[in-house]
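Engineer: Chain by chain, the residues run as shown.
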Amino acid sequence: MTLPSTTDDVRTFPGAGAASSPTLVEAVAKRQRRLLEAAKLSGRGAVVIYSGAEHSLLATDGVCWASGFKPMGECALGIGPDGSFELWVSPQWDLSRAQEAVGEHATSVTDVFVAAQSWLQRMGVSRDEVLLCGTDKISARRHPSAVAALGEHDGTGDRLLLEIARWRDEYERDLALKATQIAEVGYQRLLEELHPGLGEFAVVAILDGILRELGSEDNFVLISASQRNRSVHPPTDRMVERGDLLLAEISPSVGGMFTQICRSVTIGRAGPGVVDDYQLLDAAFEAGRGACVPGGPVRGAAEAMNAVLTEAGFGDYCRPPYMRARGHGLGIGSVLPGDVTVSSNENFAEGDFFVLHPNQYLPGSGYLLCGEPVIVETGGARLMSSRRGELATVGVT
Amino acid sequence: MKHGRSTWDRAVLPPDEFEERRLAVDRAAEAMGVAAVVGFEDSSHPGLIGYLSNYLTAGALATLIYVPGREPTLLAGLGGGRDHPFIKGMSVVQDVRWFAQLGAGIAEVLEEHGVIEGRVAVVGAGECFNKARADGVFASFEKYEVVTFDDALDTLRRTKRERELSVMRTARAILGDARSALLASLQATGEVHGALVAAERVAKLRGCRDFRALVVAQNGSLRPWPDGSAGATSWSSDPLTVYLAAEYLGYWADLGFSAPDQVGTAALCAQALDVVQASLRAGSSGASLKSALSDQLGAAADHVTLEATGMGLSLVETPNLSDDDSAVAREGDLICLRVWARDGRVLTVTTRQVIVKEQGSTPLEDSQLG
Chain A
1 MTLPSTTDDV RTFPGAGAAS SPTLVEAVAK RQRRLLEAAK LSGRGAVVIY
51 SGAEHSLLAT DGVCWASGFK PMGECALGIG PDGSFELWVS PQWDLSRAQE
101 AVGEHATSVT DVFVAAQSWL QRMGVSRDEV LLCGTDKISA RRHPSAVAAL
151 GEHDGTGDRL LLEIARWRDE YERDLALKAT QIAEVGYQRL LEELHPGLGE
201 FAVVAILDGI LRELGSEDNF VLISASQRNR SVHPPTDRMV ERGDLLLAEI
251 SPSVGGMFTQ ICRSVTIGRA GPGVVDDYQL LDAAFEAGRG ACVPGGPVRG
301 AAEAMNAVLT EAGFGDYCRP PYMRARGHGL GIGSVLPGDV TVSSNENFAE
351 GDFFVLHPNQ YLPGSGYLLC GEPVIVETGG ARLMSSRRGE LATVGVT
Chain B
1001 MKHGRSTWDR AVLPPDEFEE RRLAVDRAAE AMGVAAVVGF EDSSHPGLIG
1051 YLSNYLTAGA LATLIYVPGR EPTLLAGLGG GRDHPFIKGM SVVQDVRWFA
1101 QLGAGIAEVL EEHGVIEGRV AVVGAGECFN KARADGVFAS FEKYEVVTFD
1151 DALDTLRRTK RERELSVMRT ARAILGDARS ALLASLQATG EVHGALVAAE
1201 RVAKLRGCRD FRALVVAQNG SLRPWPDGSA GATSWSSDPL TVYLAAEYLG
1251 YWADLGFSAP DQVGTAALCA QALDVVQASL RAGSSGASLK SALSDQLGAA
1301 ADHVTLEATG MGLSLVETPN LSDDDSAVAR EGDLICLRVW ARDGRVLTVT
1351 TRQVIVKEQG STPLEDSQLG
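So the sequences go chain by chain: A and B. As numbered in my numbering, residues 1 to 397 make up the first sequence, in order. As numbered in my numbering, residues 1001 to 1370 make up the second sequence, in order.
No wet-lab data here; the hints were simulated from the structure. Even for Gly, the Cβ is constructed at its ideal location relative to N, Cα and C. Misleading hints may appear alongside valid ones.
Claimed, not checked - Pair ranges (Cβ atoms, derived):
(1) B:Pro1363 <-> A:Glu192: 41 to 49 Å
(2) B:Gly1080 <-> A:Asp154: 29 to 37 Å
(3) A:Arg159 <-> B:Glu1162: 30 to 38 Å
(4) B:Gln1296 <-> A:Val114: 28 to 36 Å
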């Protein structure tokens, strides 16, 4: 299996921490300008973004978004009224990587809040003039230090950052595309190595290696195999057996940008019920995708998927614990539009990037996965993956 | 992301192990006069939950409500209990629930266990919650006197039980195999990224849930692997210095090694490690260890950076001798010694886990021999 020849080799694509690419430098400068302008419109003259370096599929990192540097420890970034910026980095040994990303703007500090306070004084900016983004990332233990340095902040900056970063720029879209290519190629290579007798955790070990080789710096993965899955979950000792349905949420990250594909694989020939149930979820996916239009309600996509299942007699299964969400946002600085659920109050916006997945438990087949990353464009939701996933089969002799 | 083998290995950590830990928590709770202990866990802070239940979350916050003498209750999972069959397979605690409103859920369980007033201890809230979330959760605790159990749990966790030490020895042995795979791959291909992939694969096939690496890059800087650029050319095999860490059954181990051609700094590292271990005993502080380095290495000590911290369910835990001026080693502590030595672009590292005795310390590998 080789990567598509129409794209760059994903292994050499510049990611966070390697801002040798002028594209990333330009993207970061534009992001900072957009955020500063939004801050000024809200009556603030400067911006401080905090990162606790807790990276996960469902979390954002404003520092990574605004600098191109993916923190390994507590970091913060200040954008002054004149557009100048500083990046305060910990631990000290990671300064070199930060300087590769932003040059001399990066300095090593022992306390990012103290550094931010000192910077404000040098800039002649009062605490009240600061828009603090990432207050939701500041632990309760660190909160007093943040208040002492920057005063009380109500989370306005958190929401503003989510809104500004919501429009995934070309650089982020490229990262998402590369990550999705890695996911697809990695999945195909996994199928070649998958066989009965492997432990679930061994499947993940093999997949991790493949994704790393392809250029993913992180991966959120859930793999489970069962004759009747109750859910998809982290890998256990359970051995993959003929007759199992293996579920794989494959979510590699490139440059801090996660993607996700959701795949179902039968170990041995699939029974007719599994095929029918998978086709049902496949139809639900397309119904939901049709509702992902700019300005349309997010809950509309969930309702469209639920309608397909309800019509087939599975309306009672369109709720927890049989499913959780019909998708969720993915991004470095923003995960809007958030969870795709019937209780969402968000509307889709152009540039939204998320995974759409009608993953759920059905009484005949158990839990099934079927999902793709999509991006909302003027005409609707475009697949980020090269093609729709199919119910795969391995181990047929 | 912690997404490798996620299991409860009953042969290595049997139920009675967790019963003993529960009794230790009982004693600490009684000494503090608390009616219940409520612990919080996220993927970076296993806290009370990893210690008492074996459940280690990969993402969603988990909460344990423990009333001494009663079966604990675990609040965990996303989305109304979809994950509970999996969680019950990994957890000693079998009363697993989910509440949309966490604070109200905790209060409901406390009342169910008969705790309607008095002193309740919490642990892990400072790390697992932001201020707004903490305020929201603790708004449901108005009728209780809330105290912290953080120090009490640290005290329990810093002295490892025999089965914890066994798991950590296994983790260290797995890292040894990962190192062998790395060196074999490097010898075959000369390519560092691929060699680290091979090392991670070995660690995860041997059952590690998480694997980390720091590598010296071509410019002499230390950086996490992979760092997002993922270019094979970012990493240096000449000179080669790698720091590996892995989590196995919840417990961490680490290992540092360098290519043998870095004779000067490697020898300094080894010498510094021996000096530190020889001077470490009950009562040692970070300052006393650094003083020993200066006394015995002279000016060469300026090239050495020492980390001396606890290790166990977290890669770095109490006591943090190197960063906390008030921390003092106690008999029974498991301390991880990490010594870094730099000379220009050359950086080497070596690590050793030791158990503190009254008059010295013993390497973890040797401790099972008595």
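Engineer: Look at each hint and say if it fits the structure.
Structural biologist: Hints and how they fare:
1. B:Pro1363 <-> A:Glu192: 41 to 49 Å: 43 Å, holds
2. B:Gly1080 <-> A:Asp154: 29 to 37 Å: 30 Å, holds
3. A:Arg159 <-> B:Glu1162: 30 to 38 Å: 50 Å, violated
4. B:Gln1296 <-> A:Val114: 28 to 36 Å: 35 Å, holds
Checked against the numbered hints listed earlier, the structure breaks hint 3 alone; every other hint is satisfied.
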